[in-house]
Amino acid sequence: MSGISDQVAIIGMGCSKFGERWNASAEDLLVEAAFEAFEDAGVEAKDIQAAWLGTYITAFTGQLLAQSLKLEYIPISRVENMCATATDAFRNACFAVASKAYDIVMVAGVEKLKDTGYTGLGNTNILPNTNVAPPVPPPAQFALAATRYFHQYGINPDKGRETLAKIAVKNHHNGSMHPKAHFQKEITVEQALRAPMVAWPLSLFDCCGVSDGAAVAIITRPEIAKSFRDDYILVKGMGLAIGGKQGILQDDFDFTHFPETQAAAKQAYEQAGIRDPRKEISLAEVHDCFTITEMIIMEDLGFSQRGKASQDVEAGTFTLEGELPVNTDGGLKCFGHPIGASGLRMMYEIYKQLQGKAGPRQIKNAKLGLTHNLGGTPGSFSVGVGIFGARD
Amino acid sequence: MSVQALWRDRDQNLRLYGAKCKACGRVQYPPQRLCTFCHARDQMETVRMADKRGDIFTYSMDYVAGTPDVPLVITIINFQGGGRMLSMLTDRKVPDVRIGLPVEMTFRKVGIFMEGVHNYYWKAMPIRGATVAAAKAA
Chain A
1 MSGISDQVAI
11 IGMGCSKFGE
21 RWNASAEDLL
31 VEAAFEAFED
41 AGVEAKDIQA
51 AWLGTYITAF
61 TGQLLAQSLK
71 LEYIPISRVE
81 NMCATATDAF
91 RNACFAVASK
101 AYDIVMVAGV
111 EKLKDTGYTG
121 LGNTNILPNT
131 NVAPPVPPPA
141 QFALAATRYF
151 HQYGINPDKG
161 RETLAKIAVK
171 NHHNGSMHPK
181 AHFQKEITVE
191 QALRAPMVAW
201 PLSLFDCCGV
211 SDGAAVAIIT
221 RPEIAKSFRD
231 DYILVKGMGL
241 AIGGKQGILQ
251 DDFDFTHFPE
261 TQAAAKQAYE
271 QAGIRDPRKE
281 ISLAEVHDCF
291 TITEMIIMED
301 LGFSQRGKAS
311 QDVEAGTFTL
321 EGELPVNTDG
331 GLKCFGHPIG
341 ASGLRMMYEI
351 YKQLQGKAGP
361 RQIKNAKLGL
371 THNLGGTPGS
381 FSVGVGIFGA
391 RD
Chain B
1 MSVQALWRDR
11 DQNLRLYGAK
21 CKACGRVQYP
31 PQRLCTFCHA
41 RDQMETVRMA
51 DKRGDIFTYS
61 MDYVAGTPDV
71 PLVITIINFQ
81 GGGRMLSMLT
91 DRKVPDVRIG
101 LPVEMTFRKV
111 GIFMEGVHNY
121 YWKAMPIRGA
131 TVAAAKAA
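Protein chains in written order, with the working numbering: chain A, 1 to 392; chain B, 1 to 138.
Read the hints as simulated data drawn from the structure, not as lab findings. Certain hints may be false.
Claimed, not checked - Under the rule of at most 25 angstroms between Cα atoms (straight-line distance), these lysine-lysine pairs were calculated in the DSS-like manner:
| no. | chain 1 | residue 1 | chain 2 | residue 2 |
| --- | --- | --- | --- | --- |
| 1 | B | Lys136 | B | Lys109 |
| 2 | A | Lys159 | B | Lys109 |
| 3 | B | Lys22 | B | Lys109 |
| 4 | A | Lys245 | B | Lys22 |
| 5 | B | Lys136 | A | Lys245 |
| 6 | A | Lys245 | B | Lys52 |
| 7 | A | Lys245 | B | Lys93 |
| 8 | A | Lys226 | A | Lys308 |
Stated by the list, open to error - Each pair of labels, with its calculated beta carbon distance range:
| no. | chain 1 | residue 1 | chain 2 | residue 2 | range |
| --- | --- | --- | --- | --- | --- |
| 9 | A | Leu193 | B | Lys93 | 54 to 64 angstroms |
| 10 | B | Trp7 | A | Gln246 | 40 to 50 angstroms |
| 11 | A | Ser25 | B | Ile112 | 47 to 57 angstroms |
| 12 | B | Gly116 | A | Phe60 | 26 to 36 angstroms |
| 13 | B | Lys136 | A | Asp252 | 31 to 41 angstroms |
| 14 | B | Val70 | A | Asp158 | 29 to 39 angstroms |
| 15 | B | Arg33 | A | Ser99 | 27 to 37 angstroms |
| 16 | B | Ala50 | A | Gly307 | 14 to 24 angstroms |
| 17 | A | Lys266 | B | Ala40 | 24 to 34 angstroms |
| 18 | B | Arg128 | A | Gln63 | 49 to 59 angstroms |
| 19 | B | Ile99 | A | Asp47 | 37 to 47 angstroms |
| 20 | A | Arg229 | B | Arg33 | 48 to 58 angstroms |
For glycine and all other residues, C-beta sits at the position ideal for the given N, C-alpha and C.
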């Protein structure tokens with residue numbers, strides 16, 4: 001299996017402002033993100049030959065995209081894979097251009113979470129259709145991993161919560177430098193520790209923003225990309241791994257690692273020829289739906305040794321100035337999390353960083369960027385991992 | 001909510017039936033057509049999880065879930081003899097909640113849905129009398 005490494009190029013991207021967009025409909029967000037991408041790529045809507053629309057609850061079918069952008073009877077697939085939706089949509093679009101079935105396609109992700117009328121994401125029941133399972137919103141689900149992580153590695157929960165707070169502080173510091181992020185303010189460890197408890201041991205600032213937003217990518221093959229721009233970005237690897245509730249059904253699952261992340265990363269690393277991720281990856285955008293998630297992801301991606309991520313966090317390894325910057329645009333925590341768009345927003349930051357356009361957040365010598373996008377709950381995830389690089 | 005699914009799932013919901021795979025001997029809840037461990041198909045024999053004791057493998061305490069009894073204590077229970085499930089912890093005092101706490105299962109009303117369907121399910125609870133006995137022994 002050779003994958004699609006170096007067979008797909010991104011020639012344009014757009015991203016709406018994420019946040020509480022009360023005045024913006026899904027159509028408004030898509031127009032905002034798509035026209036930035038069209039202008040960036042130097043294409044028009046009529047040049048798009050096929051499209052993929054990623055959304056969790058904002059639309060069924062691809063018709064929302066057709067109606068919003070006035071795409072006339074082209075193929076549009078609506079993709080859903082919980083919070084990994086956008087990465088999965090992008091992955092499918094990659095196959096379409098790599099196979100030469102289409103030349104120029106677009107991928108759009110959009111979500112109007114602020115239209116749901118409730119805060120957070122509500123319940124995620126394990127038994128379908130019968131309402132017998134207890135209401136377990138995402139913070140409580142991920143808190144199960146935090147409790148167990150502290151226990152397994154002998155970390156006093158008060159100390160552990162402080163380490164987690166540093167992840168949120170880092171992400172707010174980074175996101176406050178991005179004009180499109182949902183939250184624009186820095187926070188302190190003290191503020192984080194004093195914040196209201198949500199699902200012990202996770203409190204308010206351990207939990208990502210619930211946001212509206214959209215993001216778009218225009219992709220093609222490298223030989224066509226050359227005629228659009230010099231600084232197109234190549235897809236080096238794409239992994240996707242889908243859990244089947246192994247962690248809930250199997251009594252020996254430890255709740256301190258996520259096998260789906262490991263499997264998706266392994267696929268992507270193999271395609272991209274990466275052997276030592278900590279050394280070879282220049283920066284990463286990962287799925288920090290909760291602070292504990294980011295910490296565990298560091299180990300599952302091979303950035304930290306098993307059980308040592310908290311030490312790396314304390315050492316500042318993943319800050320903007322650190323050895324391996326993570327979530328340079330603020331991540332889900334600060335940039336926000338419109339479910340169907342997040343994976344593309346991660347790619348947007350990697351794309352801009354690799355092109356040297358990240359402004360105050362710019363990493364030096366950015367060569368390879370990684371996106372990690374995760375949906376579901378501990379015990380059963382959908383994870384997409386992408387690796388991107390500048391052309392030689 | 002689906003009354004059809006409620007009827008179909010009555011053994012796993014009302015009887016808390018799990019299953020033991022005859023091919024590999026591992027227990028799982030709820031029963032699966034294909035064993036989660038060895039993938040053998042339709043090799044399951046019924047296990048009465050409601051009769052089993054277990055202990056808390058991990059837990060969280062949700063202060064904003066909107067349940068009448070705050071916090072909502074959510075646990076992963078590992079059963080003696082194998083198997084695990086996600087379960088609410090009821091009849092509990094927050095300071096007693098810890099990894100390793102021994103529990104037993106109890107049949108409880110979960111709520112009233114669709115203006116008339118009274119739904120029941122199992123919850124975990126600290127073993128009745130256990131904390132009293134420990135306090136007396138101390």
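Hint by hint, where does the structure go against what was stated? Just the numbers, ascending.
1, 2, 3, 5, 7, 8, 9, 10, 11, 14, 16 and 19
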